[in-house]
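With the hints as a guide, dock the two chains, each given alone in a separate frame, to form the complex.
So you can see what is in the structure, the chains are spelled out below.
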Amino acid sequence: MRRKNRMKAFGLDPRRFDRTQIKFYSYLLPIAALMALPILFIVFNAFKPLDELLVYPPRFVTTRPTLDNFRALTSTSAEKAIPMSRYLFNSILSTAIVMAATLLITVAAAYCLSKKRYKLKNTFFAINEAALMFVPVAVSIPRYMVVFGLGLIDSFLAHIVPLLAIPVGLFLVKQFIDQLPDSMIDAAQIDGASDYRVLWKIVVPNIIPALSTVAILAFQASWNSLEASNLYINNEAIRSFSFYMTTLAAAGNQSVMSGQLHGNAIAGLGVQAAATLIMFLPNLCLFVLLQARVMNTMSHSGMK
Amino acid sequence: MNKPNGMPRRFKLFLDRHSVSVLQAPFIMLFAAFIIIPILMAIGLSFTDFNTIQMPNFVGLNHYVSILTDDQVFMEYALPNTIQFAIIVGIGGYILSFFMAWSLAQITKIPRTILAIILYSPSMTGGVMLSAVWRVIFDGDKVGLLNAFLLRLDAIQKPIVWLQDPTYLLPIMILVSLWSSMGIGFLAMLAGVLNVNRELYEAAYIDGVHNRFQEIRYVTIPAARPQMLFGAVMAIVGTFQNGSIGVMLTGANPTPGYAGQLLVTHAEEHAFVRYEMGYGAAVSVLLLILVWGVSQLAKKLFAEKA
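Protein chains in written order, with this note's numbering: chain A, 6 to 309; chain B, 12 to 317.
Excised from the complex, chain B in its bound form (with noise of 0.2 Å):
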């Protein structure tokens, strides 16, 4: 046995009685207080008219009632401009981290390590150095790379301001964060593509597969489910943390006639301009339960074959 070197007796006789506890402790008080207790407050708050200068009221299921009936904002463009984005950049970008990963896959191993730092490697630059990058390209001026570019090709007359513009900003939000889509749930895809069991393919090929297609759809997919369920649930997150892309590529909440306005962005611009704290968590509780049933949708097609 160890001395215990200066401990009391008494104190290392309680820790090692109780070493689960004291083990799990840390985690468990710091989860509960930065990600637990802020969901139940969001809840709690969702139902006041909190705005941070006066005593809250309740107020029921007023917001709520509100945001699904007269926010002309919610209605017109944060909703369907956050479906289209999840749609687009969730399942598109998880189809294409899917594909790459299954393709990469396929070659040897040196290369396919250098390709898969390259196209994981957006999706490090997160936030700050990804608007850093893309403003660059999409500069309003004519020394702006894609209006420089265009402008070359004759393709337009003059400098378009892409990020200033309405019609442009939703199409540049969901190409740069199609760019960044492939994190971690790219790294899990490949490495279940890369350990399904080789005599499943042989197996399969008795049994009459006959092609790449076949092939990926009864052997790979069924022997990475599980990666593929930790790809679908990180893509969702993913998706739905990008969400203020949208603002920080413009510099601006609301974005530019509200064209890049996403839930996320919603709620912070009627918490933090508006300070209708309330309102905002109310918007936020509506993205949180929206993640959480696509998630769900999500494990329910992944789930193991009934």
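One chain only, chain A, in its complex shape (with noise of 0.2 Å):
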């Protein structure tokens, strides 16, 4: 009997397949497939020739997969005065300049949240803990005011600055940087080494798996914000390619709301989904070239 409860407890992260994993089987493999479905459903669409849009009633999946869609979608923004690769190219600039100034502000704070002494240490920690539950919607007006105090609006900028910070991120860096034992850091600045070289030389090399995951979060707050594009820019050369896409559904909508559904709305239906895959696939992309890492970072995430 207790042989068997000890080859239960066993099965917690096991090394190779039993048929008592059967049962987690049989619900994780429906419920996957059932999220995922509209997933597919996008991608299966953004391939579809015209003719297999219109089709009744509507098939899940495509049999003449073509890139169609995405002509569709650079030529008829061809026509507008801003191509659509403008706006693509607006969200990759920005998404990588936010990228690379998160990492460098959070790691830089998280370090010394971590392994600094100084009065108010532990009081900002509190704040930055507390500021996990912030919910930018709320504060959508002031924010609007600070970037227009700031003098950001109509500004490239605008879709930067504002998401800089980001909580989480400071949290989970400390976190990490927690981990690193105090000695190695001591050992280098008896050897006369600044913060700044042991951040750099020490500290950077030993959170990856921390870092990685902060990419992660600033891409996803960057590639899928709107709230610059909406509501601090109105000049459409700078706006965003997440906005763009705003754009396309609200066509879409307007077709529907009038009731008249014909060829036109159809085709928007497929650019769309071409649209959106564009706007997925790197979010996917880079989930599943960073998962490890990330996973590493929250088995540290844990909140006392």
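Since the hints were derived computationally from the structure, they do not count as laboratory data.
There's no promise every hint is true.
In silico lysine to aspartate or glutamate, EDC-like type, Cα no more than 20 Å apart, as pairs [said to hold, decoys possible]:
id, chain 1, residue 1, chain 2, residue 2
1, B, K120, A, D191
2, A, K126, B, D27
3, A, K309, A, D183
4, B, K310, A, D18
Facing chain A, from chain B, some residues (calculated, C-beta under 10 Å) [unchecked claim]:
id, residue
5, V33
6, Q35
7, F42
8, P49
9, T119
10, L130
11, L156
12, M200
13, A202
14, V275
15, K310
Here are some chain B residues the structure puts well away from chain A; computed CB gaps all over 12 Å [said to hold, decoys possible]:
id, residue
16, Q65
17, N73
18, S77
19, D81
20, I98
21, I99
22, P133
23, Q168
24, P265
25, F313
Ideal placement from N, C-alpha and C gives every residue a C-beta, glycine not left out.
Have a look at this one:
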């Protein structure tokens, strides 16, 4: 009896498949399939030719995949003043800057919070922990005023500056640096290394998992963001790709609401799906690439 | 020592002496500018009648009084909807996340990683992508995926305009939010469950734990408690952050018949549609208090055993 129980306890993180795991698969697989379904549908839609989009009843899978929708996405926007590539470029540039700048300021602050001793340190950490519960949409009005006050309205920087301080990022990196032994840092400082040097040469190389996680958080915050394009920027030429997507969606929506869902609107669905895919794929690739490091960071994510 | 290349010696000395302040300054300044100051401003604005055009007048607690006493939309729609939404999406999504994380910990690494990525991926879609994906499914025409499916089954006679129908809007918002609820908190809990020391399980079985349920209750949850608290806070924030989902799905604020109105969209309607910034700010402050209160409650629940 006890032997059997012990076997159960070893069920956690098993090395190889055995029959006792079938029961977990019996619900994990259907749930995962159900969750993947909407995304798969968008993937298929993105590659459907027009006549397959028009077919009734709608079909899930595409039989003749084409790149028509992607071509339409680039060509319809070419007729407008601002081509799609411009939105895409804006998003890529601002996201890259947000990622780099967030990493820099987060790791610098987290190192001090974790390893230095100074007044107000615990207060700052407590404030940051409370800010984990911060919901930016709740204060979009005053955030607008701050952006306005800083003179960032209609500036490309409006995509970047408001997104840089990520409380969850600081929290995770700080928890991760806590694991590094103090002796490692003391040794370097006895040799005369400055804090900057310690941070760059000792801390950063040892917290790559946490940095990867913050990179993902910063990427998602920036790549998916609508705040700047919707509220802070009126200049079409510096709006983001996610904003461009909402205009596609709005165009589709209008034709639905007016009840005339003819060819154009349905073709719009294909184009929208193509745009959604362009939005989604970088998110997915980055996460798949870094997921092992993210999981490593997450084991230090505990709150007291 | 490094040569201070090009940097005046004085400046380098200054940087070294004040390294803690220098290193922290950028984060703290941005944190203050875009998190602390906006919260303080929201509180300040909520006591005024600011409308973006005239100079604001101080109105004291008037907004709070009228929200709680004669704001029909708040009392009939925004508040009850928010509570229903938060309980199902917040608590339901949290329990679902934990259960999926626990289940994933029971299978081998490669399928676990693949399934975790699939479960996590909806949470990456947030906002724009989320509504683009689901609008196709809930399209009101007969070509909408769900309508076509139900028509074929003869479950309905004519297509239902899902997203414009007040009866279905809130349930759809809840469904969509649950779909995308397995985010960073889910990953934290998965890591937490995987990291539970196996010897704890062995010890527990010797002490008389004899089924999976007791195992979760007496070993997994206590051992993974810190990650579970982090997961809970992320669930709460995610739930309220998702507050404009109704507007994104329907493309209108207010949502049809106010059926999908939550506190976030109620605040935004007043602030950005009616330009009653002060009133909108008061609703936001109530929302922040609610989020904070619920998080404190979660902390109490998960506090180390007294």
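Item to complete: Any hints from earlier that this structure breaks? Give me their numbers in increasing order, please.
Response: 1, 4, 22, 25
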